[in-house]
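Asks: In order, the protein sequences belong to chains A and B. Each step along the first sequence adds one to the number in this note's numbering, with nothing skipped, and position 322 is 322. Each step along the second sequence adds one to the number in this note's numbering, with nothing skipped, and position 47 is 47.
Don't take each hint at face value.
Stated by the list, open to error - Taking lysine-lysine pairs in the DSBU-like style, the calculated list, with each CA pair at most 35 Å apart, reads: (1) A:Lys-481 with B:Lys-36; (2) A:Lys-331 with B:Lys-138; (3) A:Lys-484 with B:Lys-213; (4) A:Lys-484 with B:Lys-206.
Don't read these hints as lab results, they were simulated from the structure.
Here is what each chain is made of, one letter per residue.
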Amino acid sequence: MKNLVISVPRLEIHRPPISTAIVCNVIKQAGQDVQALDLNINFLRWLGKHSEYYNFDQIWDGERAITDSERELCIKFISQYKDKIDLYNVIWISVFGGSCHLFTELLCDFIRTHLKNKTIILGGQGVVTYHVGKYAENFGDIMKRKGLCDIYISGEGEETVVKVLNEDLNQPGVNNPKPLQLNELDNLPFPDYGYYNLDDYDYLTPNEKEVFIVGSRGCVRHCTYCDVARHWPKFRFRSGNNIASEMINHYEKHGVERFYFTDSLINGSIKAFHDMCTQLAKYRNDYKVDFRWGGQFIFRPKRQLPQGHYDMVAEAGGDTFYVGVETGSDKVRWEMDKKFTNDDTEWQLEEFSRNKLHCFFLMLVGYITETKQDQQDTLDMFPRWKKYVADGTIRGIDFGVSLKFMAHTPLERMIDSSGVYFLDAGDIYNGETTSNKDTNLWQCTTNPDLDVYERLRRRVEVQKEAIKHNWPVWRGPTRLKAVKLLAMKYRDYLADLQPEPKLYVEESTGYNWFK
Amino acid sequence: MTQLHLEAHADFCNKWPTLMITHNGKIIHNDTLEDKIILDYTLQDRQSWEQSDMLRDCDVANANEIRNNLLVGMKGKRFGANNVWDTVMDGGKMVEDLEIHLDKVTLDDVDILDLLLDDNYYVEFTEGMQDYHKTNFKGNGELAFNGYYQMNYQIPLYESLTNQKWKKPLETDRGYFSNDTQVFHYDDEMQEIREIEEILKEIDEKFSDIRSKTRNT
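All chains, please: the whole structure from these sequences, using the hints.
Replies: See below:
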């Protein structure tokens, strides 16, 4: 069988996709022909400008419907690959998330319409995406029902792909959303980036090739708003030596010196993280390689870390880390199950500063239990830590939009106990208006002061305070555009509840009044 | 008030050099530097932005009035006056030279050596130097001629240093997820904030009763 593994928009453009690089290697090791096709990066190159590529974000993110001309543009782009796709029997499409749904649908529809005898297999987290409270069908089910795919794979693909190649379809995770989680990650094949032209990518620093690394799956934390545990119920991690070996392999094969970890937390296992740093530091010194790497990271209580921990991270090439600080309130952060305090953060900022490491703060304004004092604690964070902005330790802060209830999260399970209710303002999903509740528009009886209005007000207030202290706000205008859309939805919702003025006829005068 | 911390070391030639530091034109240090030195000074800064009602970027006409200036320099090196050279050559090779090397300079714990070096090193003409000697050049932290490095800052300090060290000219056609030139440019954000605040104001004015009802039911 000849296999073609396709990545579709919207993915990140700064590194080659890892999921398809893994699947390609798995198929190759199973003894079959395989090639990769990255339609995401090709779409960027075909459109020519970043701005044109990013214009599609609103569509991929379901913020508005695709227009006819945009749909035609996508199909025109896809149709260029008709002959290439026709060379293969089995078409594997990686559906990274909800932002890949529409393009996947267009691509599958094109293949079904124009090409014969193709087996279409969908995989990736995006195939099992649901909406809160709507669990009858996921994206994979919908695509199967529409006849747009033959098989979908949920969960980790390394073992399941082999079973599908052997036509052993009666498996957990094949055409069902209940995969088995892999326990032993060290035995899995490395992603093979040889299937891509690594010069095609829009690297963060020009001419510095960068690839993704998976060090672990799942998370040691169970933050209440996060749905990672749904995809990976257990935290599984590779040994530090295994991860370092892969990085060295990519350097020796492709000259790659920059790495970004896809892990929920790069330092979920302190031991594995420490072992990896030790080996990388030695290789860096022995071979004078300028490894630099980063990823999502958790600040830990000081007592959990060995002395000199961050010196070792710096020696190993650790560079930039994305930390879910979420709030300036210890109370709220604790209720989120984050398990670290502002004092822990400050100690870590000082260590980062001393070792010239960098971090981004990821924030979440308007948590379900947030009070006015908690909001004040968040506002106080900006003057308190602006020194670390000035010295370059804090490189960015992303405020997101606001707390949204996601399916299969601890927070979702707290809906009843917290008295959460959703304001029925409708939602736009892949261009089709549905009757789903908008899970952004929630309020709760246990914290009635924090209604939608107050959350919007606090969200704006926090960003203004960050600007006042000259913090490096990332994606500021784009995030605020989404906040504005939320505000407009909320306003329209309230307007719809406004009683319609009725016509009254005043008997004494005969005049008509609207009242 | 701002804390200046400076670490430097010197090279001997006939004598030790003199390190001079001025702040807003006033000499705060003027002494011989023997081998190594660690200095800490509390600087009395000029008025803050808030006090003077200035805009963040200080792009207004009287910005100079609130600018603070720090100057770190060397003096006393001789270039042949009275037949004395504080440089010793042997066969075309320099074997001794009177110099100061800046190792670390911080304001309130934030490194400013990069900002001092961003600007040129300004050479003060000294008797014995050639007339055509360059009067300024890009330095790397050493003070090998009589002269100085300097930098300006404003209060609030951290905001000012942040802009000087990290703010870049805005580039528009770059990846949205990774456009690091967008940070510290707040115009678009402020526009969005104004629009959101307008919507909130409208909700306040028109729908506050209904808002209360949705909250209380």
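Asks: Identify every previously stated hint that the structure contradicts and give their numbers, smallest first.
Replies: 1 and 2
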